[in-house]
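Given the coordinates of chain A, work out where chain B should sit on it, guided by the hints.
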Amino acid sequence: MFCKLGLSVINKVIEELKKIDQIKKIMSLTGDYDLLAEIEVETSEELFDIFANQIDLIEGIVQSNTHVIMKSWEK
Amino acid sequence: MQNKYILNIVIANLLWSFIPVLVSDLISEISIFMIIFIRFTISGIFLFILAIVFVLVNNHFTTNKAISLRLLFENIRHKNRRFNNIRNYTYYILIGFFGVILNLIFFFLTLKITSISFTMIGFLLSVIMIAIYEAGRNFEKFDIFKVLYITLMIFAILLILFVSFESARLHGEEVSFNGFIYLVLFSVSISFLYVGINKDSYSKLEITSINENKYYKIPRFLIKMSLSFLIGTLLMIPFLMILNFLPIFNDFRLEIGSFFYGFSNFFTYLGRWEIIYLIIFSTIIPYLLIYLANVNWKSLNLTYSQWSSILNLIDPMGSIILSVLIVSEYFPFELLVIFIFIILISIILRYAHEVKNIVNAFLSITLSKGAIGSLPIKILKNYGIMRIDSLIGAHDLLIQVRISSIKDFYYLVDKKLKSINDIKKIEIYFVNKFEKIS
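Chains as they are written, first to last, in the numbering used here: chain A, 936 to 1010; chain B, 444 to 881.
The set of hints was computed from the structure by calculation and includes no laboratory data. Beta carbons are placed, not taken as given, at the ideal position from N, Cα and C, and that holds for glycine. One should not assume that every hint holds.
Stated by the list, open to error - Computed list of lysine-lysine pairs in DSSO-like fashion (alpha-carbon distance at most 27 Å, straight line):
1) A/K939 - B/K821
2) B/K660 - A/K1010
3) A/K1010 - B/K861
4) A/K1010 - B/K812
5) B/K812 - B/K642
6) B/K555 - A/K1010
7) A/K947 - B/K876
8) A/K1010 - B/K858
9) B/K741 - A/K960
10) A/K954 - B/K876
11) B/K868 - B/K858
12) A/K960 - B/K799
13) B/K821 - B/K660
14) A/K959 - B/K741
15) A/K953 - B/K741
16) A/K947 - B/K879
17) B/K876 - B/K447
Unchecked claim - Chain A is faced by these chain B residues, among others (derived, beta-carbon under 10 Å):
18) T651
19) I653
20) L823
21) K824
22) F873
23) K876
Bound conformation, chain A alone (with noise of 0.2 Å):
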């Protein structure tokens, strides 16, 4: 999940994001978008569930982009 924030709430949303358990990597960022979270869950309830009744109600995240990973590679 890209974020975009408002200003000067950075420290903020960063810990409120922290609490989630789901949210397993956080990193800000340079660029279009502040914040990249990365979000591990079992099922795609669990996933609106973490969004409707937490992520969305974080005041300082402006904008959010949403990406599902279908699969991933590594080295």
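Positioned in the frame of chain A, the structure of chain B alone reads:
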């Protein structure tokens, strides 16, 4: 600790620091070439067998995806994209002979005719050489941390030189001129080893194998090291034969003669506890430790090779301390404390420099329709790319990049990725900070 495998690097360097103390008496009885030959031939054979056993255990006694021995050996012909596209077997020859064997030849020669402390200058000099090389090749800038740690290296070298000359004066001797020559040659060859050993690249098939079975990397590294060792020791024989006919220093010639005559006592030497220690605790175990660290490295900040280069200074520091404690080498206590302080500060400064220069970024990629296929594996081959995620959403791929300089980053994006026709758009996001990793 950021990554528990940092401890592997520390322990490996501590084990290596025992080598000078261990061989200081041995080299007066056995040819240094014979010590090197026995150490790396036996270690190479052991590591090779270990690689085969690992593969057989993985394939027959675990539920992991089978590792192909054929692929492991086909890799030997694969072109190394990070080392001028030479074939891997050429790369192993260069690393094995010019990196491992030559560096140890000059290391032991310096040790034999000078002192342990003086020989350790070679490590410090190589830090300076590599810094200059990186500035030239990568346009890596000389930030304040780099300037400071290089300055400290120069101080440390001058300090050791002072101690060496003082020791020679007290013993009524002179510091050998040949020692300086061997020292510089040792420095050059170990610099080559440090720079070259991590310039490895995987083929497409290998990246696929790694993603099917993460343990593929272990036998691959074992085979790389074992072949480097074995090729290096084999090449040593014709090298010494040719050298014997050239006008060379007398100490060199005596060592060559002693080496060839020593073959009749090969198994006697093999039974000596110092040789057994060298093989097990100074070669096999340290290399296994560092390669376990390499394949399991998960840190999102500095890479394994960066930490390895930061902590390499533990080896010479340890050797000098041990030389004072065990063989009572001359090194005034106050100067020893200053030296240790300099090295520890250098390690911290080096760490700060690497953290400052590393580039962590994510690339959001849009592909042309129907292009995804085997593209991720093709892209993953490039140096600096750690992970690729195939996405459903506004973008097709998310690429995680971790690379040691901005120049390498620009090369990756401008020369490598933008040249791929199927990539329509690249959006770059530089990582400021990893706020959470679990």
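Is the interface hint for B/F873 satisfied, with its Cβ closer than 10 Å to some Cβ of chain A? Holds - the Cβ of B/F873 comes within 10 Å of chain A, reaching about 4 Å at its closest.
Interface hint for B/K876, Cβ within 10 Å of any Cβ on chain A: holds, 5 Å
Does B/K858 sit within 27 Å of A/K1010, going by the straight-line distance between their CA atoms? Holds, because 21 Å separates the two Cα atoms, which is no more than 27 Å.
Could you grab the alpha-carbon distance between A/K1010 and B/K812 and see if it respects the 27 Å cut-off? At roughly 26 Å apart (the allowed maximum being 27 Å), B/K812 and A/K1010 satisfy the hint.
Between A/K960 and B/K799, does the CA-CA distance stay at or below 27 Å? holds, 21 Å
27 Å limit on alpha-carbon distance, applied to hinted pair B/K868 and B/K858: holds, 14 Å
Just to be careful, I want the Cα atoms of A/K959 and B/K741 compared with a cutoff of 27 Å; is the pair within it? holds, 14 Å
With a cut-off of 27 Å on the C-alpha distance, tell me whether B/K821 and B/K660 pass. holds, 18 Å
Is it true that the CA of A/K953 sits at most 27 Å from the CA of B/K741? holds, 20 Å
Quickly compare the C-alpha distance for A/K939 and B/K821 to 27 Å and report which way the hint goes. violated, 31 Å
Holds or violated: is there a CB of chain A closer than 10 Å to the CB of B/I653? holds, 5 Å
When the nearest CB of chain A is found for B/K824, is that gap smaller than 10 Å? holds, 8 Å
Checked against the numbered hints above, the structure violates hints 1, 5 and 6; every other hint is satisfied.
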